[in-house]
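Chains as they are written, first to last, in my numbering: chain E, 1 to 366; chain Y, 367 to 752.
Think of the hints as simulated: they come from the structure by calculation, not from any bench.
A hint or two may mislead.
Said to hold, decoys possible - Covered stretches of chain Y (in silico footprint by chain E; criterion: 3 or more residues with CB under 8 Å from a CB of chain E, positions within the stretch not fixed):
no.	segment
1	368-381
2	626-638
3	665-675
No residue lacks a Cβ here, since even glycine has one placed at the ideal position from N, Cα and C.
These are the residues of each chain, in order.
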Amino acid sequence: MNFGFTEEQNLLRDQVERFMQDTCPMPRVRELSNTGGFDEALWKQIGELGWLGLLIPEAYGGLGLKWIDQVVVLEAAATGLCPLPIASHALASTAILACASDAQKSRWLPAMASGEAVCTLGLYDDANWIDPSAITASAKASGEGYVLGGTKPFVNDASNADYLLLAVHGPEGLALAAVGKEEVRITPQPTMDSTKPMASVDLEGVHISADSLVPMTQEQLSYLTDCGALAVTAEMVGAGEAILNLTSDYAKQRIQFGKPIGQYQGVKHRLADMYVDLESYRSLCYFAGWCADDDPQELARAVSLAKGYASDAFNQIGIDGVGLHGAIGFTAEYDAQLFLKRSKWARPMFGDSDFHLNRVASLGGL
Amino acid sequence: MDFDYTAEENAFREEVRKFISENLPPKKERDKNFLNTWLEKVRAKGWVGFSWPKEFGGSAGGLIEQTILREEMALAKAPPLGTSMMGLAWVGPGIMEYGTEEQKRKFIPDILDSKVTWCTGYSEPNHGSDLAAIQCKAELHGDNYVVNGQKIWTTGAPWSQWIILLTRTQFDVESKHDGITCLLVPMDAPGVEVRPIENMAGDKHFAEIFFTDVQVPVENRLGAEGDGWKVTVSALANERSSIGEVTQMFAKLENLKELVKVTYKQGKPAQEDPSVRRKVAQFEMKIAAMKYNGLRYLTKQIKGEPLTSETSVNKLHRASLEIEMDDFAVELTGQAGLQLRGGDAAVDGGSWSKSALNWPNVVIGGGTPNIQRNIIAERLLGMPKD
Ligand SMILES: Cc1cc2nc3c(=O)[nH]c(=O)nc-3n(C[C@H](O)[C@H](O)[C@H](O)COP(=O)(O)OP(=O)(O)OC[C@H]3O[C@@H](n4cnc5c(N)ncnc54)[C@H](O)[C@@H]3O)c2cc1C
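Build out the structure end to end from the sequences listed, making use of the hints.
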């Protein structure tokens with residue numbers, strides 16, 4: 001029994017946090033998010049550091065690590081609201097590893113491990129429904145390959161991806177269609193959080209070859225959804241910690257009525273509650289991260305406990321983080337608002353608290 | 367990160383389970399002597415004072431084994447490992463850390479053998495949360511302290527044989543934390559008067575205690591004169607991992623789910639009601655968070671890093687769950703939920719309605735939620751003291 005991180009994991013966390021502070025600090029994050037969220041040089045750099053092939057086995061050029069290591073990277077990157085599509089890329093890698101044939105893996109994984117090919121994953125087509133029926137895009141047999149139909153309205157990081165793995169209903173059931181960015185029509189969509197670019201992807205009439213369709217079972221879909229929720233929760237841990245630190249520091253300095261505002265219980269108790277919630281969904285997130293590889297049977301429940309907690313708690317942390325600053329928190333120039341926006345983005349992603357808590361109830365026998 | 371146990375740890379778990387299956391008969395089959403026999407047997411096993419040093423009669427057991435022991439005992443709903451609860455929780459550890467050789471010889475074996483029950487005399491009528499401001503006076507006259515003053519809310523005072531008492535030996539101090547002295551006092555000493563107080567659940571578990579010219583020999587002082595605050599704080603820090611507690615809370619959650627499954631709300635099965643499902647899942651979420659918080663803190667302890675105020679996180683969860691779970695059960699079951707034991711429609715023998723009146727045990731005793739929030743904000747987030 002050991003619920004702590006290894007020396008390597010702690011070093012990795014430090015390395016990613018340092019990268020965010022030195023190489024991709026907030027002003028850079030703001031620039032990036034104003035121009036679509038991507039920077040090829042930075043992406044190349046983190047590819048060389050190995051962060052993009054963390055989950056990919058060494059045989060394909062990756063590091064062969066586990067989701068708990070991915071959690072470390074996502075959490076640390078989110079302390080600086082990293083806009084690069086690290087989570088989407090990791091989810092696409094997980095999808096290939098879980099669903100693809102050996103031939104497909106050999107074809108795709110090496111370029112993914114280095115980061116040379118930026119990838120993303122698009123699962124559901126309904127705004128607020130986690131269910132196979134919420135996938136409406138289709139693939140129909142056509143000649144040697146398939147012809148795709150429909151639109152994927154909510155694909156994370158689509159505009160910055162070279163390849164997209166998109167869930168469709170194929171002739172033999174669920175599948176992931178692998179398409180290149182040139183083959184489809186990608187339309188960026190403005191959202192509350194510009195550090196997490198989202199786009200719709202029009203697939204109507206797009207032809208793909210036979211080996212570009214990857215069959216996917218319902219269990220695999222559900223596993224990928226869980227990994228998605230895990231990734232978002234890990235980011236909520238990092239971002240939650242950052243806004244809590246920002247707000248605590250401010251509360252120590254800002255003087256009103258002759259005292260630091262952090263001395264007033266209306267302020268300090270709110271901060272304490274933020275800490276309690278953050279610590280708690282952090283513990284649940286780490287456990288879920290461990291389950292992803294070491295106890296997959298328990299993953300669904302563990303992820304739902306973590307995301308069910310974090311979705312609403314981080315949302316409140318975002319609101320209080322802005323509110324405890326007073327008017328300065330409302331300004332575009334101050335960073336607090338960026339974290340509030342991230343909390344809005346994270347809340348529905350891969351299932352909101354209603355979805356996850358209902359699943360906890362079902363898994364618990366109700 | 368690794369949630370598996372070693373072969374030795376698993377073997378220990380098996381040993382505990384085997385012991386339980388052999389020595390814990392179903393409730394109906396337990397006779398009058400059961401508790402005494404049980405206490406003797408767990409004592410013989412070395413499981414009372416499990417983590418205490420061997421020289422004092424403990425087993426010098428590790429933190430993980432202790433966790434396993436508590437977890438299994440809680441799962442089996444076993445009786446406690448000793449009846450000297452506060453003796454085991456902090457009086458014993460305090461004496462082992464600060465006591466004289468003679469005090470250790472005199473007090474420790476009786477705590478381990480459940481022979482002597484201790485109570486804790488900290489709070490006073492005018493000093494609860496602000497504990498360090500206590501005023502109960504002890505004056506040294508020759509070889510005796512003479513104690514005058516009052517304590518209140520002392521749990522177990524009506525049936526305890528000894529009290530660990532915080533007194534003030536010096537009044538003109540710069541900091542209120544100075545000048546406090548800790549004394550060990552027999553409850554039958556002349557001048558000690560106990561008046562039980564009835565609580566809202568109808569029990570008389572706590573009491574007020576009046577001390578009038580009570581003579582306490584100087585050899586009953588724990589730690590140096592004026593060091594009482596240090597002794598108290600380090601004794602309270604002895605509260606170890608809360609894993610056994612979490613196991614009990616999971617058990618309570620299971621009872622709650624069973625209740626939900628057989629309950630109807632507005633004529634429909636309650637378990638289909640989304641708000642009911644959400645509420646129950648949120649309880650599970652918080653209990654699970656307590657569990658994994660606890661395991662993270664346990665890991666820190668095992669690595670030798672000091673635990674400071676992190677335990678306040680779980681105390682706050684515990685406090686809100688303690689109120690909300692019973693309250694939920696009572697509301698869910700409507701007018702039947704109101705009935706106490708003996709009522710024709712009482713739910714689960716009135717256990718929910720009873721415990722819905724007992725939350726102050728956990729929520730107020732041992733530091734209120736506001737105080738826990740102060741601790742987190744001041745010690746972990748660096749906010750200025752208020
Ligand atoms: C069931 C039970 C068992 C107990 N057993 C024992 C025992 O065995 N031995 C013992 O010594 N004591 C015992 N106590 C006493 C317990 O420790 C005190 O009740 C507790 O510390 C609170 O003190 P108080 O009751 O004087 O309330 P107060 O300190 O007067 O507090 C009243 C209210 O004011 C709030 N408050 C106080 N200070 C602050 C602050 N700085 N900021 C914000 N809010 C504040 C509190 O949160 C509370 O809501 C027991 C209490 C209970 C309920």
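Right, here's what the structure says about each hint:
Proximity of the segment 368-381 of chain Y to chain E, defined as three or more residues with a beta carbon under 8 Å from a beta carbon of that chain, is established by the 5 residues found. Only when three residues or more bring their CB closer than 8 Å to a CB of chain E does the claim for the segment 626-638 of chain Y stand; here the count is 3, and the claim holds. Judged by the Cβ-Cβ criterion of 8 Å, the segment 665-675 of chain Y is covered by chain E as claimed, because 4 of its residues qualify and three suffice.
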